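Engineer: Chain residues, written in single-letter form:
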Amino acid sequence: MPVRRQKLYTKEICACSIFGAMSRAGERFTGERVIRAMASMHHRGNGLGGGFAAYGIYPEFGEYYAFHLMFTGDASAQRDAKRAAEDFLFRNFDVVHEEEIPHSDDVYVRDPPLLWRYFLAPSKRGEEVHLSDEEYVVRKVIHVNSAIDNAYIFSSGKNMGCFKGVGYPEEIGRYFMLDRLYRGYLWTAHGRFPTNSQAWWGGAHPFGLLDTTVVHNGEISSYGTNRWYLEMFGYRCTLHTDTEVIAYAVDLLMRRHDLPVEIVAKILAPPIWDTIDRMDVCERRKLTALRMVYAPLLMNGPFAVIIAQSGRMIGLTDRIRLRPLTVATRGDMFYISSEEAAVRLISQSLDSVWSPKGGEPVVCELEGGPEGRLEHEIAGPA
Amino acid sequence: MRSLVLPDFTISRSEECDGCRACEHQCPFGVHTYDASNDRMVSDSRKCAGCQRCAVFCPKGAIEIRPAPSFYRPNASWSRERIEDIKRQAETGGVLLTGCGSDKPFRIYWDHMLLNASQVTNPSIDPLREPMELRTFLGSKPERILLRDDADTDPVLTLETPILFSAMSYGAISYNAFQALAIAASRSGTFFNTGEGGMPAEMRPLFKKHAIVQVASGRFGIDAEYLNCAAAVEIKIGQGAKPGIGGHLPGEKVSKHVAATRMIPEGTDAISPAPHHDIYSIEDLEMLISAIKEVTNYEKPVIVKVAAVHNISAIASGIVRAGADILAIDGMRGGTGAAPKVIRDNVGIPIELAISAVDRRLRDEGIRERCSIIAGGGIRSSADVVKAIALGADAVYIGTAALIAMGCTLCQRCYTGRCSWGICTQDPGLMRRLNVEEASQRLVNLLSAWSHEIKEMLGGMGINAIESLRGNRDQLRGIGLHEWELDLLGIRGAGE
Chain A
1 MPVRRQKLYT KEICACSIFG AMSRAGERFT GERVIRAMAS MHHRGNGLGG
51 GFAAYGIYPE FGEYYAFHLM FTGDASAQRD AKRAAEDFLF RNFDVVHEEE
101 IPHSDDVYVR DPPLLWRYFL APSKRGEEVH LSDEEYVVRK VIHVNSAIDN
151 AYIFSSGKNM GCFKGVGYPE EIGRYFMLDR LYRGYLWTAH GRFPTNSQAW
201 WGGAHPFGLL DTTVVHNGEI SSYGTNRWYL EMFGYRCTLH TDTEVIAYAV
251 DLLMRRHDLP VEIVAKILAP PIWDTIDRMD VCERRKLTAL RMVYAPLLMN
301 GPFAVIIAQS GRMIGLTDRI RLRPLTVATR GDMFYISSEE AAVRLISQSL
351 DSVWSPKGGE PVVCELEGGP EGRLEHEIAG PA
Chain B
1001 MRSLVLPDFT ISRSEECDGC RACEHQCPFG VHTYDASNDR MVSDSRKCAG
1051 CQRCAVFCPK GAIEIRPAPS FYRPNASWSR ERIEDIKRQA ETGGVLLTGC
1101 GSDKPFRIYW DHMLLNASQV TNPSIDPLRE PMELRTFLGS KPERILLRDD
1151 ADTDPVLTLE TPILFSAMSY GAISYNAFQA LAIAASRSGT FFNTGEGGMP
1201 AEMRPLFKKH AIVQVASGRF GIDAEYLNCA AAVEIKIGQG AKPGIGGHLP
1251 GEKVSKHVAA TRMIPEGTDA ISPAPHHDIY SIEDLEMLIS AIKEVTNYEK
1301 PVIVKVAAVH NISAIASGIV RAGADILAID GMRGGTGAAP KVIRDNVGIP
1351 IELAISAVDR RLRDEGIRER CSIIAGGGIR SSADVVKAIA LGADAVYIGT
1401 AALIAMGCTL CQRCYTGRCS WGICTQDPGL MRRLNVEEAS QRLVNLLSAW
1451 SHEIKEMLGG MGINAIESLR GNRDQLRGIG LHEWELDLLG IRGAGE
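These protein sequences, in sequence, are chains A and B.
What the first sequence shows, in my numbering, is residues 1 to 382, in sequence order.
What the second sequence shows, in my numbering, is residues 1001 to 1496, in sequence order.
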């Protein structure tokens, strides 16, 4: 098959387990409980993918973009990819720190790629000085992911990071020593059950762009439409995953189009026309306009996702709720999970537990809003 | 001059025939006559168009029309059609005319594409139990939305099913057929297109919300009131059956009512030139689009209709940049009332390839959302509709399929004005054969049936809103196609 068509029309499809835990007070905790929760949903995956996103883990580099890079292929390919990627990064960023992402050799994982992280500040030149830092970073991330063979930036936000690979989530968690090395106030996790494609490290969840990460259970049957639309805005879907299009859609809608979460949910999983037609005139016109303008971003097919950003965690299912999602709270802790059992395992006593309606977003933010995180981090322990 | 052409059909009449002469009354081509001397019906098969009207309406079912068994000595280079075309031209000295779309065996790409269906990982959806949405908006969409209480967009057409009736003018088709299309469109929540013949005054208040009025090169029947009595205005640059060719409605079909509607004298030929004589560049088109928007107070989307031709993607890009809200592309299998046969069968490209090329180009240029695409010219079934949308169209035009729903048998004699089914004629006697209420109900039924089928196919793919199908080529696979065709269509081969 010609490479061009292969690139255009291949994607990875999966069903899976998802889990999110957040301290609204901004208290940071290790990934140990999250790993345990994921392990309890072991059967929802098949060992072909697991991953975590953690927020608040790099306070010492909080002002810098933390890039996690994956260099795949054989040793020689990895070296070439690293050289090409670093050449690009060093030309476009000020790199304040770089190191291999720590991992435990005691945990067996299959074919791990070379994993490296860089803490960067944009070094804008020429016409790009007019770009916002975020737009600049997005462009560079997309460039690396689409133009440099075997190099993938799978995490690119500030004070957060993604850790993922091929294996069960508990294996991946221990491989990256998330239970020992990192403390975050927000964790999301994913156990993968790919059914229609081979598993590979880049295709594991979460997928992240800037500080937006997505873990997802289901299969987006509108992937083709979503991808074509996003490509018009400069996004390149190189990882061929449903999470990738969701992350790009969220980036487009929330960062570039400055739409609030509630509206974004109405775009990704809109009410059905029968419901819209019964609304009052003002609401009907608004939702009609949204469906008209953003129709290609409607996410069709069964899905439950957790979208995380700095200081915020959002749970959302498709509009006819074909995938499970449970939400629970305990004190300042907020949980979103594929299964209630996973939450009960780490928090036997809960204040409330419920299943959100299809298409209805559940949003948890730091006390004082997403920006509250900054004050807390300055005041809180490192 | 005696014709040397073999008859196309043979007519057989069984012993059941009781000489009721129904066939004689039904045939507008004078095939059947009563032989009083022998007290029996006789037929002249040379005149037979194969319209099957007599066979259908014979009370005894005694008539059978079949392709004529006679043939010339087989010759791979000189087919019967080639031989007879030459004989006809030698007899008439003129351009050969024909009706309906091209019947040549070009590859029909619809039949070489297969749809996806969900299995296990992604549940298919049962349209009988779950909502399944076909509502479609046609028109320019902004790149982003600015939230206000009165959030709104440019004017758009709202369709309850992604199918519209394509342009068929009053004059080319009968008043009854024209009315039936209008009624069916309004009942089905979609639109009919007046074609270039204007809209009869008495129909305007009734159907203005479901009409698309056309501005063609002849400018027949166009004034400000006409432009404002519709939901959208279409500028017709070309049509798939005869790209680069104008239109010609013979004076015999210009009845008093047609004349009044077209604003021309009764009985005169209505000739639309091939070009618009005020459009010789893309800038001129832009000016016409602007003028129409000005006249209609910027309340109606403007459609530009072109034939699918070689450089269609670049043409489309220019049209979108000229301000068209909707681009209608008509493929080479599009029908017509009358076209030079040589044009119909040799000019243009199939609509499938055109949709794909245009959609890709507009997306590459980042202007796809600035206009919607209506694909026409060869849509024969609900599966074709689904495939067209998956290739990148927003909706489709159907013309021939609508005529068939009303009774047309594609006898290809539209240009004679003797349509035996009362569809493509202005003869009052023939016109009466088409019952408006029944014809409109058939059209409503067709749209209903196709909509149900589209929902079934969408459900199978695990999709419950038609907008998630648009440009979703992942749902298509090619079969029996060459690499270049797969590449052009932007789809993978079956099994990949």
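What the hints contain is simulated information worked out from the structure, not anything from laboratory work.
Check the hints yourself; a few may be wrong.
[Claimed, not checked] To list a few chain B residues with every Cβ distance to chain A over 12 Å, as calculated:
1. Y1072
2. N1075
3. R1187
4. L1288
5. T1416
6. N1464
[Stated by the list, open to error] Computed cross-link-like contacts, SDA-like style, restricted to lysine to any residue with a CA-CA straight-line distance of at most 20 Å:
7. K1209(B) to R285(A)
8. K1209(B) to K357(A)
9. K357(A) to P1131(B)
10. K357(A) to E1130(B)
11. K1208(B) to R1129(B)
12. K357(A) to G1030(B)
13. K1047(B) to S1012(B)
14. K1047(B) to G1030(B)
15. K357(A) to R236(A)
16. K357(A) to S1012(B)
Quick caveat: nothing in here was measured; it's all calculated off a predicted structure.
From the three backbone atoms N, C-alpha and C, an ideal C-beta is built for every residue, glycine too.
Engineer: Hint by hint, note whether the structure agrees.
Structural biologist: Each hint, compared with the structure:
1. Y1072: Since the minimum Cβ distance to chain A is about 45 Å, Y1072(B) lies beyond 12 Å and the statement holds.
2. N1075: With a cut-off of 12 Å, N1075(B) remains clear of chain A, as the shortest Cβ separation is near 41 Å.
3. R1187: holds, 18 Å
4. L1288: holds, 26 Å
5. T1416: At about 45 Å from chain A, T1416(B) clears the 12 Å cut-off, so the statement holds.
6. N1464: violated, 6 Å
7. K1209(B) to R285(A): The hint holds at about 19 Å.
8. K1209(B) to K357(A): violated, 37 Å
9. K357(A) to P1131(B): holds, 16 Å
10. K357(A) to E1130(B): Cα-Cα ~15 Å, so holds.
11. K1208(B) to R1129(B): With a Cα-Cα distance of about 35 Å, the restraint between K1208(B) and R1129(B) is violated, given a limit of 20 Å.
12. K357(A) to G1030(B): violated, 68 Å
13. K1047(B) to S1012(B): holds, 14 Å
14. K1047(B) to G1030(B): holds, 7 Å
15. K357(A) to R236(A): Distance of about 32 Å is beyond 20 Å: violated.
16. K357(A) to S1012(B): violated, 67 Å
The structure fails hints 6, 8, 11, 12, 15, 16 (numbered hints given earlier, in ascending order).
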